[in-house]
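Each chain is listed here by its residues.
There are 6 protein chains.
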Amino acid sequence: MRILVTNCNTTVAMTEESCARARAAAGPGTEIVGLTPRWGPESAEGWVDSFLSAAAVLDLLRDLDEPFDAVVMAGFGEHGREGARELLGVPVVDITEAAAHLACLLGRRYGVVTTLERSCGQIEDSLLTAGVAQHCAAVVATGLGVLELADEPRVLAAVTAAGARARQAGAEVLVLGCAGMTRLMQTAAAELGMPVVDGVAAAVKLAESLVGLGLTTSRVGSYATPLSKRRSWSPPPDEPAAGPRAGEGRRPR
Amino acid sequence: MRILVTNCNTTVAMTEESCARARAAAGPGTEIVGLTPRWGPESAEGWVDSFLSAAAVLDLLRDLDEPFDAVVMAGFGEHGREGARELLGVPVVDITEAAAHLACLLGRRYGVVTTLERSCGQIEDSLLTAGVAQHCAAVVATGLGVLELADEPRVLAAVTAAGARARQAGAEVLVLGCAGMTRLMQTAAAELGMPVVDGVAAAVKLAESLVGLGLTTSRVGSYATPLSKRRSWSPPPDEPAAGPRAGEGRRPR
Amino acid sequence: MRILVTNCNTTVAMTEESCARARAAAGPGTEIVGLTPRWGPESAEGWVDSFLSAAAVLDLLRDLDEPFDAVVMAGFGEHGREGARELLGVPVVDITEAAAHLACLLGRRYGVVTTLERSCGQIEDSLLTAGVAQHCAAVVATGLGVLELADEPRVLAAVTAAGARARQAGAEVLVLGCAGMTRLMQTAAAELGMPVVDGVAAAVKLAESLVGLGLTTSRVGSYATPLSKRRSWSPPPDEPAAGPRAGEGRRPR
Amino acid sequence: MRILVTNCNTTVAMTEESCARARAAAGPGTEIVGLTPRWGPESAEGWVDSFLSAAAVLDLLRDLDEPFDAVVMAGFGEHGREGARELLGVPVVDITEAAAHLACLLGRRYGVVTTLERSCGQIEDSLLTAGVAQHCAAVVATGLGVLELADEPRVLAAVTAAGARARQAGAEVLVLGCAGMTRLMQTAAAELGMPVVDGVAAAVKLAESLVGLGLTTSRVGSYATPLSKRRSWSPPPDEPAAGPRAGEGRRPR
Amino acid sequence: MRILVTNCNTTVAMTEESCARARAAAGPGTEIVGLTPRWGPESAEGWVDSFLSAAAVLDLLRDLDEPFDAVVMAGFGEHGREGARELLGVPVVDITEAAAHLACLLGRRYGVVTTLERSCGQIEDSLLTAGVAQHCAAVVATGLGVLELADEPRVLAAVTAAGARARQAGAEVLVLGCAGMTRLMQTAAAELGMPVVDGVAAAVKLAESLVGLGLTTSRVGSYATPLSKRRSWSPPPDEPAAGPRAGEGRRPR
Amino acid sequence: MRILVTNCNTTVAMTEESCARARAAAGPGTEIVGLTPRWGPESAEGWVDSFLSAAAVLDLLRDLDEPFDAVVMAGFGEHGREGARELLGVPVVDITEAAAHLACLLGRRYGVVTTLERSCGQIEDSLLTAGVAQHCAAVVATGLGVLELADEPRVLAAVTAAGARARQAGAEVLVLGCAGMTRLMQTAAAELGMPVVDGVAAAVKLAESLVGLGLTTSRVGSYATPLSKRRSWSPPPDEPAAGPRAGEGRRPR
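In order, the protein sequence lines correspond to chains L, Y, V, A, B and D. Under numbering that gives the first Met the number 0, the first sequence has 125 at position 126, and the numbering climbs by one with no breaks. Under numbering that gives the first Met the number 0, the second sequence has 13 at position 14, and the numbering climbs by one with no breaks. Under numbering that gives the first Met the number 0, the third sequence has 137 at position 138, and the numbering climbs by one with no breaks. Under numbering that gives the first Met the number 0, the fourth sequence has 168 at position 169, and the numbering climbs by one with no breaks. Under numbering that gives the first Met the number 0, the fifth sequence has 129 at position 130, and the numbering climbs by one with no breaks. Under numbering that gives the first Met the number 0, the sixth sequence has 112 at position 113, and the numbering climbs by one with no breaks.
Okay, chain L solo, but in the shape it has when bound:
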């Protein structure tokens, strides 16, 4: 079978990293195809990035030529999965919910470790609307941004501390809420004696499961096929978009 893995940002290296993790998890008959949005944020950290990412990923999905069997949305805590479910006739699995689903099978409560505190609420909302928040003991931030992930000893200490805080809040399993710290997370979790679930791997297995069982998204109710209507996915040519720029919060007066 053929599974598309959609990155949530425009950084091709991250798409490749997700694909590598997806391929490591995939069964023998599964082909993983990575997709990078043509537009959107270079990394998704916060709500603006997340909504921008959702639209860019949906733009990517709405016009694909090649056949595929399932989609894995590889943005932890990012928006868009319900839209992809409406849009596509094949199963859609978001890595956030996927990690939580498997974690629930491994311990009575799970915790999520992520980078920045600004992402915690977004992840909590994503778990809540996916119906898997009940057994989430805590979403804990290491406080490290993506660029700081190079300093290994510092990262290991931060990840271990965050895992220990999740443990203290009741977590028995850890979910990896960001990509860059995979290897160190494994080290830290081993120290804490807790299994670690990676969302990309979990989502690939769940997608394979759904495809294997011939199941796909219900068209009854929430995820009915989108109505036919005029939708424009970019500014009109005569009124060009402002283009990429660094977006700061602004106080207009």
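Do not take every clue at face value.
The list makes no distinction among identical chains, and a pair is therefore deemed to hold if it is satisfied within one copy or across any two copies.
[Claimed, not checked] Within a straight-line C-alpha distance of at most 25 Å, the following computed SDA-like cross-link-like pairs (lysine to any residue) qualify:
1. Lys228 - Asp62
2. Lys228 - Gly142
3. Lys228 - Gly192
4. Lys228 - Ala23
5. Lys228 - Ala137
6. Lys228 - Gly88
7. Lys228 - Gln133
8. Lys228 - Leu59
9. Lys228 - Arg37
10. Lys228 - Gly144
11. Lys228 - Arg218
12. Lys228 - Val11
In case anyone wonders, no lab produced these hints; they're calculated from the structure.
Based on these hints, arrange chains Y, V, A, B and D on the given structure of chain L.
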């Protein structure tokens, strides 16, 4: 004070209608300025539309020249409010949450009446993540699409039936979950003896309230100022977007 | 418009302080009229005080000669709002719920800072039954009684510590759960970088909002007009009340 | 042991009826003493009545000369229990929570049948703040007022219908949410095959249980002894109360 | 890999049926081994059966000679999964939770259709403690016992009616809460336009997923290895068990 | 009346201890009869023990010759109560829920103190499915196993620390979640100023209450009389059970 009312779709007539409702609600010193996204769906009905709308509205908000004091996001049940809160230094009020906040002050439980069943779940999620779902007794669809709203007797019957179902579920106040049926909703609610809260009007008053008290979005935690990074809001010029087209759910194999 | 602000206790100076805060928040066309219960506790700290206060405030409201447009009930965490809603034909806003409603618009979670621990549970119940508890991260007591509020450095330290505890529990906005510490609370919150919502100010704006939109309490279900019946609001003259005295908890055997 | 049963209204016949039910439930060594508030509503139906009742009952409890071992508060869904817990050194059991506690032991879900719809929300709030709402499947009103309870066949039909609605909502046990329909309720429930729990009887047994185990209200946190302060329980003599009158909801303008 | 499928009752034909469904779902490299408890109920319908089944299944699992990679517990709504997690070093997946996990990926809410009403509460509790109850819209009984499943038209009508009730309660996906009606359920669901998830199939895929990712139960907290102690799994030989008999509820006096 | 107290394990000394506590709590006319399961674990610590215990206790209850009026199930956090309710015509009270019910009457929140962390989740689930979890502030483990309870100063320090943690989480009442530490718990709680509820005592009083009121388990819905069918409660004689042995978690490959 100056309040921007952002439509969630590209239909200028709907922006104008929202502005009319906003102006009817606004205090004497309040100027209402309507904004229509340059791109996005012509109407927002479902998750794809909602995420597309969120990005298009954020695109609109990120680069405004004129000063303003608050933003009212006029898409009932649509995504994006948390992104606008990150982006802007002024208060942001979404009409979904606004209607619920005022409804909670008028009765022990409220109900939402909307058009299509496909919107109910999205509205429920929006109320849930806004923290005002606890007193929502029901979100009820009339089953009428936007285009069917012209047949007045039929619409009145459908709206009255939906309101009665909300009442039976415990609602003591009704929230108007769509624009086109405002007047008939008032008629139906009067018959049921229940107050009706319109989200646009509610959001304008809440925005005025926050501005009047000098309050704005917290920068601590979830809605910290967006990180400075490369974000592109449209496809690159050398790889043009597919442009507007009717998006059907597709089954690739 | 004319808004009554009802104090929850018999201390006129506190009525005046609430009115001052209400006037500072009110719009240009709003007249604030303060009302002090003729009986009840001199300050409301605990459940006995709260129920006594509720009856005394309702006694005040049931027989007013003057016209007014809305009522603000100025007792943080005190009982009675649902009774006032039954009794009156105009909107009723309680400062507890009001602060929470606005706080929800400013951050993903809010915290309440109050004086004594004995009040925390009462405030939690008030938020819960008002339907706004979901986004309350914590209700934190400073441990300072009303009489101890004079020692400024000590109060500032206690308030800052309580705010920091609310922050640690996830609060991004603070709600001021008592009157005496307003100014210091602002100082502490500024240090913590969090907005502070004052219940009296919030309630005045919400009352103005409802009046401005022509909305009032639903008569369907919970808040139907009280049934006509014999109610006596004080002991019979031949069997006089025990009169004011210091009420200690008593152990009869 | 000696248990006080406090009526929530001023009607002595209802006090006597509650006492009769209490005595039928009490163990051999238990003396039941009925207390009727000196002031308050003649019957408690709605929030105004409930808050008035709470103050009048607390007034009754604060100055008793005789020794007693526990208090049963006999107003279904009425306020005041937390205040009595603060005030007294002996256990306090409210009939609302008592019925729910025992009902939880008899079936997986319970339902409450009461008179008027206006009481349903108040009862729900009372169960919620008592911590026993989780297994409440429904609070159902018969729609019959207290005065209509004389027409037996009509009442039986209404009670059976209400019980059947509770059953349909999942209830396996019924709680009697009002006094006047006790006997018919038993008939209806027998027809439905469901046990019926009467709050007064349940509260007497729970009060006996607590006294028998030497347990009383915790003084730590919420129910600490009331602070010593000036509290007046009735209007000052120079400014007499308006006295009993029929209180209608009023619209002042 | 090798997956054990444990039946919850002693009826070998049912073990075989579960194995057939498991094999139909399993991937090419997966061997399914069915296990039938040596003791327990001949079918599990109710709490007594469920607890008896739990012990008998754990008895089966504690002393296996052969190696295996995961266990699927094939009793819908039956107890025991947490015990198996303690006992074994390999992943354990219960078909109740498994069906719910996959159903959450296919629609916004799911419903469960089962045989007798007596099973509904047990299933609800199982979903609740597994952390997947939030998106369960309803657990609906057809009212048909296992022996009545032969009358096809009647069963089809009952299953369709139950599915429609789940749909009306908000379900967009159906979970098959009993074995005997699989084929008719598919027919009914197709008519309702809803996907159907079978627990055995779902559990096999989830077990394969966990094994494939090298994940197993956390030993931290709830599912620590059982303490070494004396446990007897049957009555002592000198005091023989009463043996199989028809167990009726008994009223001893 | 005659109340059976069923121990959850095979250790007669613990049955006797529970009976002693039961007798101390029982009213004058109540006879306490202790029952020890003929098989099962020697002590119940964890899920395997709990499910094994549930079956052994149900085996005990299904075939009693003597008449009795109620059953108290004396295993804190152990499974089985719903099965006993199905099986018997007399009321069944589990000590876990019993302690919680009474604790709710004594303070706004309660906490549970138990021995090992492995039991906390099981207790939480038991409270949740009994409908009394809402006011549980925390379930705290002392970290001491049953065998370590001899070292009094160490136990007192651990119990006091656990009680203080429960207090800090909001508990105003403590529930004793294990038998061996009763006396020290009282000492610790007195120091913390909190009442302590013992589950056995609470259950006896609740059982006496139900019997006194003539109430017993509902047969409607969940706890209908078990269906008549073949159930075997032990391995067949020709295929003997493995007998008692120390059960370690095993990793078969």
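- Hints the structure fails to honour: 4, 5, 7
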